[in-house]
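Engineer: These protein sequences, in sequence, are chains A and B. Under the numbering used here, the residues of the first sequence are numbered 771 to 1118, in order. Under the numbering used here, the residues of the second sequence are numbered 771 to 1118, in order.
A portion of the hints provided could be inaccurate.
The list treats identical chains as one, so a pair stands whether inside a single copy or across any two.
In the PhoX-like style, the derived pairs of lysine-lysine whose C-alpha atoms are separated by at most 25 angstroms in a straight line are [as the list claims (entries may be wrong)]:
hint, residue 1, residue 2
1, K865, K833
2, K783, K1097
3, K880, K1078
4, K833, K800
5, K865, K1082
6, K793, K865
7, K879, K957
8, K793, K833
9, K800, K1097
10, K879, K783
11, K783, K983
12, K865, K879
13, K793, K983
14, K778, K1097
15, K800, K865
None of these hints come from the bench; they were simulated from the model.
Chain by chain, the residues:
Protein chains: 2
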Amino acid sequence: MFKPVTLKEVAAKAGVSYQTVSKVINSKAKVSPETEQRIWDAVAELNYTPNYSGRSLRQQRSKTIGYTWEPSPQDQANPILDEFLQSMFHAAEEKGYYLLSFPFHTEEKKLLDTYRELYYTGRVDGFVLSRLNYGEASVPYLLQRNIPFVAFGRLEEDDHSFPYMDVDGARGIAQAVEHLVELGHRKIAALAWPDDSRVGNNRLEGYFSGLTKAGLATDPRLVVRGEGTAEVGSEATGHLLSLPEEIRPTAIVSMNDLMAIGAMQAVRNAGLQPGRDIGVTGFDDTPTARYLTPPLTSINQPVSAIGKNLMKRLIELLETGSYPEPKCELVAPSLVVRESTAGYRPAS
Amino acid sequence: MFKPVTLKEVAAKAGVSYQTVSKVINSKAKVSPETEQRIWDAVAELNYTPNYSGRSLRQQRSKTIGYTWEPSPQDQANPILDEFLQSMFHAAEEKGYYLLSFPFHTEEKKLLDTYRELYYTGRVDGFVLSRLNYGEASVPYLLQRNIPFVAFGRLEEDDHSFPYMDVDGARGIAQAVEHLVELGHRKIAALAWPDDSRVGNNRLEGYFSGLTKAGLATDPRLVVRGEGTAEVGSEATGHLLSLPEEIRPTAIVSMNDLMAIGAMQAVRNAGLQPGRDIGVTGFDDTPTARYLTPPLTSINQPVSAIGKNLMKRLIELLETGSYPEPKCELVAPSLVVRESTAGYRPAS
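Just chain A, with the same shape it has in the complex (with noise of 0.2 angstroms):
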């Protein structure tokens, strides 16, 4: 494919021995903050990649892919992790690779430090990164040194700089307004994340349109951003129940299940039935939704499908040094109706 680039010309290159650059690759020595800057700099611009040196002897890779997450709060499971994961080593085990798994770290600087040192020991291969919000230093930090990745979710929406899947949150938030247009449903409010989520203002991009679509106006009022919790759903939730009665919405799309949860909650206190009274759905189909009281309508994502693809389209660039078509994928997502939105009985 190409000719290396050897340890011996980023030496030179940061002006320090062989010998130095080894060590500081390795993370077996402390030299001055200022000479490893100058040899992580000099790798960065010859896009250097390991020699391999380190790497299994028989193999010359060590056929290991890493990934890391942000782990969930405790009163919130990971509703995609074990899905994702499992497509992702199966997939990787067809090949003889497997998943190395590392800490999150929230620290910026200590992630990319983890990522350099996990890829230039030869430890893996190349990365899959997930969640991906606006901003993630990761993505340059790893397109600029030349290492392997592929991500579930982009940074915006019309980025093609990197290769990616990721669920059409749009779509998926259309077709739950689309839903509840069909039931009768004509003020529809929304609970949204606060606007520095990507994916937060990519699903309410989706009740916007999808509302539009149905000839329906939009209304600032009943739209209420906040934290994807429970509590902020139940709490947005009583506020636009306790509006003037000629704009109080009488179904509520919301962005995670969690907040659905909270909205439904709230539409007890208030006396009401969740369905029959007040339509509500949630996005991620959690395996929670089934079990609610009542049973969440909500929107799947094609987790395994995603995790398998994305595994076998880093191997096979890995193994043949070009990524296969299509780079960047959107897929849809599907609506899961429940009783959450059953029930109700437009006033005529």
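Mind docking chain B on chain A? Use the hints.
Structural biologist: Below, chain B alone, put in the same frame as chain A:
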């Protein structure tokens, strides 16, 4: 510590060449099943451990721990996966170790082959096992081969042949029974698992010991066994509520949250109110529990402490050659009281 057995000794024992042993151990060559068996028998008999020739050049160890787990059915999130993984790989990172995960194979031979290959090719230095049940083949397999491992769980109540930490499930359920007795319940039923489940039997023991401690007789008609699903919990509870009044239970302890979810549904279907009319308890304290209607009293396992300690102890074993005390440890879970056991007024 000890003089390691060499590949040559294994070859002599198996009556094949050094090259053949090396190829088989590194999965690089197919030989006849008989030859392969002879080689693995020799490996086990001599307690051969890898000579690390295939391992990282720098440190003679992969500094990697292997872990696999049985995937959850799609409607049942694994309630402890994220927390267990996070606690393990944070503890691992502190010592410079990582976690390698790989697919769980229900076919026993394939699973054991995977353990073997990961260890003898030097990809991992040891394993964490979880969810052990009676007759779990991995345990004797790894013990025989002297492959280091620790387990979350045990095979038998009083087994001390390998290092583990386990939750004292009996103690958890006994706490639930005690709590119900304090509230005034006298007829307490149990939703139990099939008797081929060691975890289920352990938890059920706590039901019997809790009743005995409270001076209450046990009634076999109040113990219903079935798979730990919401459907089974609902059906079993429907049956319990249809019993003649003199034996009909006023409270139900379930061996997991899903069965308790089904139990609460059946209570409602019978026109009764969980908590006020029939007390219901779960086990696992899934994130779901607090969002149910009513919120579910459940039993919380100290998963983070277990993951962290298991990993620390395994690494100590790997680095010092001896496992720190205690080799086998039972930890107490804690009862989390919520509304599903509130408001009961015994007929006096």
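Engineer: Evaluate each hint against the coordinates.
Structural biologist: Do the hints match the structure? See the list:
no., hint, result
1, K865 with K833, "both (9 angstroms within a copy, 23 angstroms between copies)"
2, K783 with K1097, "neither (33 angstroms within a copy, 53 angstroms between copies)"
3, K880 with K1078, "between (29 angstroms within a copy, 21 angstroms between copies)"
4, K833 with K800, "between (29 angstroms within a copy, 21 angstroms between copies)"
5, K865 with K1082, "within (8 angstroms within a copy, 31 angstroms between copies)"
6, K793 with K865, "between (32 angstroms within a copy, 19 angstroms between copies)"
7, K879 with K957, "neither (46 angstroms within a copy, 59 angstroms between copies)"
8, K793 with K833, "both (23 angstroms within a copy, 18 angstroms between copies)"
9, K800 with K1097, "neither (39 angstroms within a copy, 37 angstroms between copies)"
10, K879 with K783, "within (24 angstroms within a copy, 52 angstroms between copies)"
11, K783 with K983, "neither (58 angstroms within a copy, 76 angstroms between copies)"
12, K865 with K879, "between (32 angstroms within a copy, 19 angstroms between copies)"
13, K793 with K983, "neither (60 angstroms within a copy, 64 angstroms between copies)"
14, K778 with K1097, "neither (34 angstroms within a copy, 49 angstroms between copies)"
15, K800 with K865, "between (37 angstroms within a copy, 18 angstroms between copies)"
When held up to the earlier numbered hints, the structure conflicts with 2, 7, 9, 11, 13 and 14 and fits the remainder.
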